[in-house]
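Chemist: Each chain, letter by letter, is given below.
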Amino acid sequence: MKVNEATWDRIARIALGVFVLYLGWANVVTGGWGLALKIVGFLPLLTGLVGWCPTYALLKVSTKK
Amino acid sequence: MTETEFIDRLRNNPRPMVVDVWAAWCLPCRAIEPSLQQLAREFDGRVELLKVNADEQPDLVRAFGVRGIPTLIGFNNGTEVSRQTGARPLSELRALFETALTGRPPAPRRGLLPMERTMRSLAGLALLLAGWLAGPSIPLLGLGGIVLFSAIYDRCPVWQALAPRLSAAFRREGTR
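Quick mapping for you: the protein sequence lines, in order, are chains A and B. All letters in the first sequence, in the order written, are residues 1 to 65 by our numbering. All letters in the second sequence, in the order written, are residues 1001 to 1176 by our numbering.
Any given hint could turn out to be false.
Which residues of chain A face chain B? A partial, calculated answer using Cβ under 7 Å [to be verified]:
1) I14
2) V18
3) Y22
4) W25
5) A26
Computed footprint of chain A on chain B, listed as stretches where at least three residues anywhere in the stretch have a Cβ under 8 Å from a Cβ of chain A [stated by the list, open to error]:
6) 1127-1134
7) 1139-1147
Please keep in mind that the hints were generated in silico from the structure rather than gathered at the bench. Since we're looking at a predicted model, the values are computed, not measured. Even glycine gets a Cβ: it sits at the ideal position worked out from N, Cα and C.
Sequences and hints are given; from them, build the entire structure.
Modeler: Here you go:
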């Protein structure tokens, strides 16, 4: 699995993931949206930590030079 | 120094040596010169750096089988152990010096890169903070702990002791 995200991309994803997870798990957003945020937040966090985005791979794009 | 003298000095020198085949007109040679000087200081007393001017000593160039310059050849106990041609970054030049010193290529780098380690550490700490502020939230704190551990697992003595046993156990399970 080759890294296809630049460092800035990974940092942005991790920050977004942590923020979205916080909104969900801290019950800042409640109800259905809150539940969605609790799950969806893992996606940017995981792709940021791993450095590989499946969507980029499918579209054959990369932010890493 | 004649070709024979040089080869004799090389073969009879127990000290590790790096031979740098260069030329005054060669731009890559000039590009790596500061790195070579830095490494010569770093390995002072342990690895000897010998310069061979390709224009002045074509016999030596032929004797070493040099096909391009700059060429760096590492010798240990008079035997060639490593060779690099062309301008290389400092890390690769250092690897050549290390190979000349030990007679073996340096062990492949293991573990995380500093950038990767920093990123995982910060992500883990951010998750722990978010988990703490969110109640505390056990799932976020747990996730933060896992991410933080992933930043240091390769330096953890407990993990180093357990990992080979775990992978052996999984292999045995897989072959059943």
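Chemist: Verify the coverage statement for the stretch 1139-1147 of chain B against chain A, using a C-beta to C-beta distance below 8 Å and requiring 3 or more qualifying residues.
Modeler: holds (count 4)
Chemist: Using C-beta distances, would you say chain A covers the stretch 1127-1134 of chain B, given that this needs three or more residues below 8 Å?
Modeler: With 5 residues in contact (Cβ-Cβ under 8 Å with chain A), the coverage given for the stretch 1127-1134 of chain B holds.
Chemist: Is the shortest C-beta separation between Y22(A) and chain B less than 7 Å?
Modeler: With a minimum Cβ separation of about 4 Å from chain B (threshold 7 Å), the hint on Y22(A) holds.
Chemist: Hold the hint about V18(A) up to the distance rule: shortest CB distance to chain B must be less than 7 Å.
Modeler: Result: holds, 5 Å to nearest chain B Cβ.
Chemist: With 7 Å as the cut and Cβ atoms as the points, is W25(A) at the interface with chain B?
Modeler: 4 Å, holds
Chemist: Does A26(A) hold up as a contact with chain B if the rule is Cβ-Cβ below 7 Å?
Modeler: 3 Å, holds
Chemist: Does I14(A) hold up as a contact with chain B if the rule is Cβ-Cβ below 7 Å?
Modeler: Holds. Min distance 5 Å.
Hint compliance for this structure: no hint is broken.
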